[in-house]
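Sequence order for the protein chains is Z and S.
Heads up, the first sequence is in UniProt numbering, so the first residue is 1 and it goes up one at a time.
Heads up, the second sequence is in UniProt numbering, so the first residue is 1 and it goes up one at a time.
It should be emphasised that the hints constitute simulated quantities derived from the structure, not laboratory data.
A hint or two may mislead.
The list treats identical chains as interchangeable, and a pair is accepted whether it falls inside one copy or across any two copies.
Using 30 Å as the maximum straight-line C-alpha spacing, the simulated DSSO-like pairs for lysine-lysine come out as follows [stated by the list, open to error]:
id, residue 1, residue 2
1, Lys43, Lys57
2, Lys98, Lys196
3, Lys170, Lys121
4, Lys196, Lys111
5, Lys24, Lys121
6, Lys121, Lys57
7, Lys111, Lys184
There are 2 protein chains.
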Amino acid sequence: MFLGPSNSEGAGKVSLLKKVPALKDGDFTLAECTAILLYLSRKYNTPDHWYPSDIQKRAQVDEYLSWHHANIRANAPKTMWIKVLIPLFTGQPLPSEKLQEVMEGLSTSLKQFEERFLQDKAFIIGSEISLADLVAIVELMQPVGVGCDIFEDRPRLMEWRRRVEDAVGKELFFQAHEMILSVKELSNIQIDPQLKEQLAPVLMKMLK
Amino acid sequence: MFLGPSNSEGAGKVSLLKKVPALKDGDFTLAECTAILLYLSRKYNTPDHWYPSDIQKRAQVDEYLSWHHANIRANAPKTMWIKVLIPLFTGQPLPSEKLQEVMEGLSTSLKQFEERFLQDKAFIIGSEISLADLVAIVELMQPVGVGCDIFEDRPRLMEWRRRVEDAVGKELFFQAHEMILSVKELSNIQIDPQLKEQLAPVLMKMLK
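So here's chain Z without its partners, still in its complex pose:
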């Protein structure tokens, strides 16, 4: 089985949607992070808490995964585009209003995340970690990696993050986020001018 992140050579060939992450299992290829996690949980019959067999708990994971797309996923990664990737390709920083606008959207989403989903529970669906927490945390570490520490003034969110770190294991947690947490170092690399010219307008469009 091949499971590749964005910087792996095989990923472009694998994903049907030419998107990363991508999974290849024999002749079978699959894109989309949530679909891949669900597939792996079924194929390897992972512990029940990741995607509980209880239909109400399972529905709560599904509810979060669906909400996630138009909220956390729609906002959090934009911080990386604005602070690192777009300046890298255009050669100029974006006006600060752009970041402020995204941070406001993210702030609204985080308020909902805390009040509607997390509430006073240890994890999104209750006392045990599930795929919902995993999908949320990897997206929420992206702003952290570019210097927008969204956990700083949100104690409830920070406590949840600590519980996720403990449940996953601190070593694995930081290994999984190593690239994201050092993404600012990308600012120092040189990029082919032609590639810059091609990609800059595409990147700008993604911010819309």
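Please arrange chain S on chain Z, whose structure you already have, making use of the hints.
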């Protein structure tokens, strides 16, 4: 069990996220269309083709449902905001460039939908209809309801729609889309001026 569309009185009380559609089953409440469909398919043990037990086919449904959010769902309903709902609350039509921009985004999504998902298959995951087709069709009927017939110049998409209509049953299909297909009639209703003032900026923000 209560399952309410946006115009039902109970919906606001039911949905944890104050969103519609919403489901209430005893004490259990659930928002998000895809989570509700998955819950119902499990609770009522619906025929296998809706969400196949084969893990690869199931993964393909999940892949589509995930992709759907940032593509079809992110574009198709905006046509209704632009053509009917925002003019209704602001009292003025939006500049035509706004609709054009949304239609271009939708066009890109539809190209991917046909080439990556539908291909030369009868339905999204093969020869049988699944939840992926249902989730896609209800979103794609929204532009049709406001006069942007996206099926007109897309024979492959139109053939797929006919197959979905047949699989669901034509009567049920049109019953389910009756409100969407007559949404233009909303333009004639009178709205409380204070409500207009409150909602206009919120609606405009949704277009971003």
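Of the hints stated earlier, which fail here?
none
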